[in-house]
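Chemist: Chain order of the listed sequences is P and B.
Using my numbering, the first residue of the first sequence is number 56, and each one after it goes up by one.
Using my numbering, the first residue of the second sequence is number 20, and each one after it goes up by one.
Incorrect hints may appear among the rest.
[To be verified] Straight line, CA to CA, 16 angstroms or less: simulated EDC-like cross-link-like pairs of lysine to aspartate or glutamate:
(1) P:K164 with P:D136
(2) P:K152 with B:E104
(3) P:K152 with P:D82
(4) B:K76 with B:E87
(5) B:K36 with B:D82
(6) P:K160 with P:D65
(7) P:K152 with B:E63
(8) B:K36 with B:E104
(9) P:K152 with B:E123
(10) B:K76 with B:E63
(11) B:K76 with P:D82
(12) B:K34 with B:E104
In short, the hints are calculated from the structure, not lab data.
None of the values given here were measured: they were computed from a predicted structure.
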Amino acid sequence: GIQVEQSPPDLILQEGANSTLRCNFSDSVNNLQWFHQNPWGQLINLFYIPSGTKQNGRLSATTVATERYSLLYISSSQTTDSGVYFCAVDFLYNFNKFYFGSGTKLNVKP
Amino acid sequence: GAGVSQSPSNKVTEKGKDVELRCDPISGHTALYWYRQSLGQGLEFLIYFQGNSAPDKSGLPSDRFSAERTGGSVSTLTIQRTQQEDSAVYLCASSLGLTGGSGETQYFGPGTRLLVL
């Protein structure tokens, strides 16, 4: 069946540490996006990345579409990075019906 | 410019009552999405609009749920005869609706927190 799996489910970091979050998906995707949900519930788009690599400041993401996974890298983490990170995909056979992973809950300690 | 807005921000209702949730997308965004997020869970797709039409309604959990969009802008999600399991945060997102690139980036509203007693 359709699957979008994220790992790890929970992550605790000391401020300044680096981390890698992973998203596996079960079929060929049209669209893959990474989001950050802050502790107040607001979702912010981080990357639109169905393939390739992008960087934005301390964040970068890589999607290897042929191997059906995406990675989100956070470098030099800050307490403001805390929250839940979601990946969301829609598949080539069903555009615009987005499936979200269950998220990685990140807690960055000062 | 203004982002996606949703109203009300919070809604408490009694089981069996109908509720209507509203979403105002970013001006010029033709694509609009509704999602539901239960406590501590990921997002569940409900429905997608391109303009005023909804090509895919398969995510609506039951026939008590309906949604419409008029004038290619504001959308309302209606839940009839609410049940306690409908309690969740209902999130709306919009995008330019252009295929590929940043045109598909979704921008989310703050959500409506629905509690059914």
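Chemist: Of the hints given before, which are not true for this structure?
Modeler: Hints 2 and 11 are the ones this structure does not satisfy, whereas the remaining hints hold.
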